[in-house]
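There are 2 protein chains.
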Amino acid sequence: MKKEIRILGIDDMPFSFGDRNTDIVAVVMRGGTYLEGVMKTTIEVDGLDSTDKIIEMIENSRHKRQLRIIMIDGIALGGFNVFDGEKIWKETGLPVITITRNKPDMRKIKETLKKHFNDWEKRWEIVSKKETKEIRLKYPVYVKHFGIGEEEAKSIIKLSIIRGAIPEPIRVAHLIATGIKKGESRGRC
Amino acid sequence: MKKEIRILGIDDMPFSFGDRNTDIVAVVMRGGTYLEGVMKTTIEVDGLDSTDKIIEMIENSRHKRQLRIIMIDGIALGGFNVFDGEKIWKETGLPVITITRNKPDMRKIKETLKKHFNDWEKRWEIVSKKETKEIRLKYPVYVKHFGIGEEEAKSIIKLSIIRGAIPEPIRVAHLIATGIKKGESRGRC
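These protein sequences, in sequence, are chains L and Y. Residue numbers for the first sequence follow the numbering used here, so the first one is 5 and each next one is one higher. Residue numbers for the second sequence follow the numbering used here, so the first one is 5 and each next one is one higher.
Misleading hints may appear alongside valid ones.
[To be verified] In silico negatives: residues of chain L with every beta carbon more than 10 Å from chain Y:
no.: 1; residue: K44
no.: 2; residue: E48
no.: 3; residue: G187
[To be verified] Per label pair, the in silico range of CB-to-CB distance:
no.: 4; chain 1: Y; residue 1: E154; chain 2: L; residue 2: K162; range: 19 to 29 Å
no.: 5; chain 1: Y; residue 1: N106; chain 2: L; residue 2: E125; range: 32 to 42 Å
no.: 6; chain 1: Y; residue 1: E115; chain 2: L; residue 2: T46; range: 57 to 67 Å
no.: 7; chain 1: Y; residue 1: G35; chain 2: L; residue 2: R192; range: 35 to 45 Å
[To be verified] Chain Y regions said to be covered by chain L (calculated; three or more residues, Cβ under 8 Å):
no.: 8; segment: 33-46
no.: 9; segment: 178-184
Simulated from the structure, these hints should not be mistaken for laboratory data. Ideal placement from N, C-alpha and C gives every residue a C-beta, glycine not left out.
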């Protein structure tokens, strides 16, 4: 694994009840730690456009050719706008790692989807495509990986952590997303 | 100079002709290189509220007590919304360094102020408070410093540069400001 590998980290901005759209923030980090670029795109709250919007943002970026991998905070963005990691990988050619600090409760997610969405089966199919795996470094994190093996995913996560449990590209995307939306960044990923 | 010193870096978002307001972005960096926080506030394009808005943003921040110094890109934000480095220093207790890659053409700035602003004398008084000094590191930069000596300013700038001429807190604030406003970050500070 090259230490200078370019990673794209993605997180969403917080939104309020009644908001139709929300923004997602992506950062390009070299070696997982040196910020080279910032991108933004807009998705629908509880929509189903996050997959295509992420692909479009990457395809239109001047960083595209340097990127080697994508890390996304969580398994959905903008509420239940679930994204398809496999499709993002296949269309961009970049492996995708989703990462959370807590283990996603898939049973609860399924129940919530069933309760609130007529198209819950479609969303459930997307969100349940891969099993969540626990990766133990200094702290445990929970990941899904598409287009990359578990060992390689683990070594990329490891090289991109400076402090704590969360890789820099996701930590920085989260700070920007909350800081720009709320006036000051807050909270854990 | 402690290597872990917390620096606040400030830059403005690009704006379009006719925009009444624009946002400014501030980042808190530890050791000048590790991102700890992101803030945002809004100022008037060509207004005169940047000084007070910067002071207010800092006073309201949970990072306030950790901050040791402020770096600002340029000598005005949001067009000719000139800020008073001396007032920011005196009211927050934090020294201020303004920094540009090119030497500001003060004669041209005075001419422009005279041409476009009835209150040009007030703006000129603020913007011309201190002499610009050239600081030569690997690349030259042009600075004004308030509440701190030239040698100390130089050593803080030096410790906060990773690559190129521009300290990380200003470089990162610039990437965020342009990326969030334009969809993708661009250009030099």
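Hints, one by one, checked against the model:
no., hint, in the structure
1, K44, "5 Å, violated"
2, E48, "17 Å, holds"
3, G187, "5 Å, violated"
4, Y:E154 - L:K162: 19 to 29 Å, "42 Å, violated"
5, Y:N106 - L:E125: 32 to 42 Å, "59 Å, violated"
6, Y:E115 - L:T46: 57 to 67 Å, "41 Å, violated"
7, Y:G35 - L:R192: 35 to 45 Å, "21 Å, violated"
8, 33-46, "holds (count 8)"
9, 178-184, "holds (count 5)"
Comparing the model with each earlier hint shows violations of hints 1, 3, 4, 5, 6 and 7; every other hint is respected.
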